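Residues per chain are reported as follows:
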Amino acid sequence: MYAQSLNQQVEGTTAPEDAEAAARFQARVDAEERIEPNDWMPAAYRRTLVRQISQHAHSEIVGMLPEGNWITRAPSLRRKAALIAKVQDECGHGMYLYAAAETLGVTREQLVDELLAGKAKYSSIFNYPTLTWADIGAIGWLVDGAAIMNQIPLCRCSFGPYSRAMIRVCKEESFHQRQGYEIMLTLARGTAAQKVMAQDALNRWWWPCLMMFGPPDAQSQHSDASTRWKIKRFSNDALRQKFVDATVPQAHFLGLTLPDPALRFNEATSHWEFGEIDWTEFKQVLAGNGPCNRDRMAARRAAHTSGDWVREAAQAYAAKERARSAAAAGAA
Amino acid sequence: MSTPTTPLWEVFIRSRTGLAHKHVGSLHAADATLAVQAARDLYTRRGEGNSVWVVPSSAITASDPNDKGMMFDPADSKVYRHPTFYEVPDEVGHM
Ligand SMILES: [Fe+2]
Ligand SMILES: [Fe+2]
Numbered sequence: 001m002y003a004q005s006l007n008q009q010v011e012g013t014t015a016p017e018d019a020e021a022a023a024r025f026q027a028r029v030d031a032e033e034r035i036e037p038n039d040w041m042p043a044a045y046r047r048t049l050v051r052q053i054s055q056h057a058h059s060e061i062v063g064m065l066p067e068g069n070w071i072t073r074a075p076s077l078r079r080k081a082a083l084i085a086k087v088q089d090e091c092g093h094g095m096y097l098y099a100a101a102e103t104l105g106v107t108r109e110q111l112v113d114e115l116l117a118g119k120a121k122y123s124s125i126f127n128y129p130t131l132t133w134a135d136i137g138a139i140g141w142l143v144d145g146a147a148i149m150n151q152i153p154l155c156r157c158s159f160g161p162y163s164r165a166m167i168r169v170c171k172e173e174s175f176h177q178r179q180g181y182e183i184m185l186t187l188a189r190g191t192a193a194q195k196v197m198a199q200d201a202l203n204r205w206w207w208p209c210l211m212m213f214g215p216p217d218a219q220s221q222h223s224d225a226s227t228r229w230k231i232k233r234f235s236n237d238a239l240r241q242k243f244v245d246a247t248v249p250q251a252h253f254l255g256l257t258l259p260d261p262a263l264r265f266n267e268a269t270s271h272w273e274f275g276e277i278d279w280t281e282f283k284q285v286l287a288g289n290g291p292c293n294r295d296r297m298a299a300r301r302a303a304h305t306s307g308d309w310v311r312e313a314a315q316a317y318a319a320k321e322r323a324r325s326a327a328a329a330g331a332a
Numbered sequence: 333m334s335t336p337t338t339p340l341w342e343v344f345i346r347s348r349t350g351l352a353h354k355h356v357g358s359l360h361a362a363d364a365t366l367a368v369q370a371a372r373d374l375y376t377r378r379g380e381g382n383s384v385w386v387v388p389s390s391a392i393t394a395s396d397p398n399d400k401g402m403m404f405d406p407a408d409s410k411v412y413r414h415p416t417f418y419e420v421p422d423e424v425g426h427m
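First to last, the sequence lines map onto chains G and X. For the first sequence, this note's numbering gives the first residue as 1, with consecutive numbering after it. For the second sequence, this note's numbering gives the first residue as 333, with consecutive numbering after it.
Hints listed in this document are in silico derivations from the structure and should not be mistaken for laboratory results. Values in this document were obtained by computation on a predicted structure and should not be read as measured data. Ideal Cβ placement from N, Cα and C applies to all residues, glycine included. Do not rely on the hints blindly, as some may be mistaken.
So the derived label-pair ranges between C-beta atoms look like this [stated by the list, open to error]:
| id | chain 1 | residue 1 | chain 2 | residue 2 | range |
| --- | --- | --- | --- | --- | --- |
| 1 | X | E380 | G | A331 | 53 to 59 Å |
| 2 | X | T337 | G | S174 | 32 to 38 Å |
| 3 | X | A364 | G | D237 | 22 to 28 Å |
| 4 | X | G401 | G | L131 | 39 to 45 Å |
| 5 | G | S174 | X | Q369 | 26 to 32 Å |
| 6 | G | S76 | X | D373 | 22 to 28 Å |
| 7 | X | K410 | G | A328 | 56 to 62 Å |
| 8 | G | H271 | X | T393 | 32 to 38 Å |
| 9 | X | Q369 | G | F253 | 40 to 46 Å |
| 10 | X | Q369 | G | R24 | 21 to 27 Å |
Here are the simulated lysine-lysine pairs, BS3-like style, with alpha carbons at most 25 Å apart [what the hints assert, rightly or not]:
| id | chain 1 | residue 1 | chain 2 | residue 2 |
| --- | --- | --- | --- | --- |
| 11 | G | K119 | G | K171 |
| 12 | G | K230 | G | K242 |
| 13 | X | K410 | X | K400 |
| 14 | X | K410 | G | K230 |
| 15 | G | K171 | G | K283 |
| 16 | X | K410 | G | K171 |
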């Protein structure tokens, strides 16, 4: 998802490129052909995709942390099994996406190193804490719900490997959202204390979820190229509105209220109008000053470092096996 | 801080319907055994298949996209390679 809210600046072309190749490329994009890794592409298209896809991959990986926080404390075996499966899916999404980015000529190690060095961005939403079990419901329902809105159009992205990865991801996302909504529904229909917990989670996650779609169209001046290249199919505001329209009735069904006094249904447009988003908060979180930015990075670095010996052992074993079979082949 | 690169593998899965193995994506693994295990975890979490092939990506030789025309266009003009090119009277029945 996540890619979109972060990938605001599209790289300007630096060197003059083969104008004829560029025209051919654009004609293929216009004809809805998929661009494959070995095809000619403008350098700026390549750079934009590397950044967007890797940010998206990082988001999937960091996104495992807030939910992973509740695996050991899930209230039942059913919930625990579902949560483990969901978190495992998110890991898979990260893997599909890294692989798609690598087809553009970067290595996995480079991308991971950039994240760990704090040079790469990931979605702002994962810098918020999961304080109660209801947050797991709210994340599945709202965060994955917002991700789906964003990822569905990416299934038709002009770059083949990205679009294929998105098709796989989208097939898996629907379970994520449904299990989250089921948690919210159970809490909303539970004891008074459980309902309060569900409402509190909705209150805290609603606005950060609206920020996931990125800055308002008026401020995201560089999406033109992404649109022309058919990486981006809908504007931030259009996707945000779609999300609000889909989600408000779901909240009402739960018997919960949205934390926005300005929210009202416009009969004429058939859209839910909502209040002002606090973009200062968004900028702060992206700049590293959200509630959990430091925790998330520390957890990623710790996981990477404590996995060092596993990677080393696997490489050493593979080298030994190669040497063994070479020796055996020599002896035969 | 840079890590030595782990080899890349292409993954092929045979779906349960018994069709040919189909390319599903790629992954990194130190050796073939680990690649098969990772492919199981990454690409068959929902019964997508019952057989996995992994191939080192470096072992694949691909056609050059610049040769696309030379390689594949000639087939476009050879309509006589298709059954519908030939006329068989209706009276003959299905053929
Ligand atoms: Fe995901
Ligand atoms: Fe998800």
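Here is how each hint holds up against the structure:
For the pair X/E380 and G/A331, the supplied restraint of 53 to 59 Å is violated, since their beta-carbon distance comes to about 41 Å. Under the hint 32 to 38 Å, the C-beta atoms of X/T337 and G/S174, about 35 Å apart, fit the expected range. Take X/A364 and G/D237: their Cβ atoms lie about 49 Å apart, and the range 22 to 28 Å is violated. The hinted window of 39 to 45 Å between X/G401 and G/L131 is violated, with their beta carbons roughly 60 Å apart.
The beta-carbon spacing between G/S174 and X/Q369, approximately 27 Å, falls within the hinted interval of 26 to 32 Å. A hinted range of 22 to 28 Å holds for the C-beta pair G/S76 and X/D373, which are about 25 Å apart. The given range of 56 to 62 Å is broken by X/K410 and G/A328, whose C-beta atoms sit roughly 49 Å from each other. Separated by about 53 Å at the C-beta atoms, G/H271 and X/T393 break the suggested range of 32 to 38 Å.
At roughly 43 Å, the beta carbons of X/Q369 and G/F253 sit within the given window of 40 to 46 Å. The supplied range of 21 to 27 Å is broken by X/Q369 and G/R24, whose beta-carbon atoms lie about 43 Å from each other. Using a Cα cut-off of 25 Å, the hinted pair G/K119 and G/K171 is violated, with the two alpha carbons roughly 31 Å apart. This hinted pair checks out: G/K230 and G/K242 have alpha carbons roughly 20 Å apart, not beyond 25 Å.
Taking the CA atoms of X/K410 and X/K400, the gap is near 17 Å; set against the 25 Å cutoff, the hint holds. A hinted pair counts as satisfied when its Cα atoms are at most 25 Å apart, and X/K410 with G/K230 does not qualify at roughly 34 Å. With a C-alpha separation of about 32 Å, the suggested pair G/K171 and G/K283 falls outside the 25 Å cut-off, and the hint is violated. Among the hinted pairs, X/K410 with G/K171 is inconsistent with the structure: their alpha-carbon atoms are about 39 Å apart, more than 25 Å.
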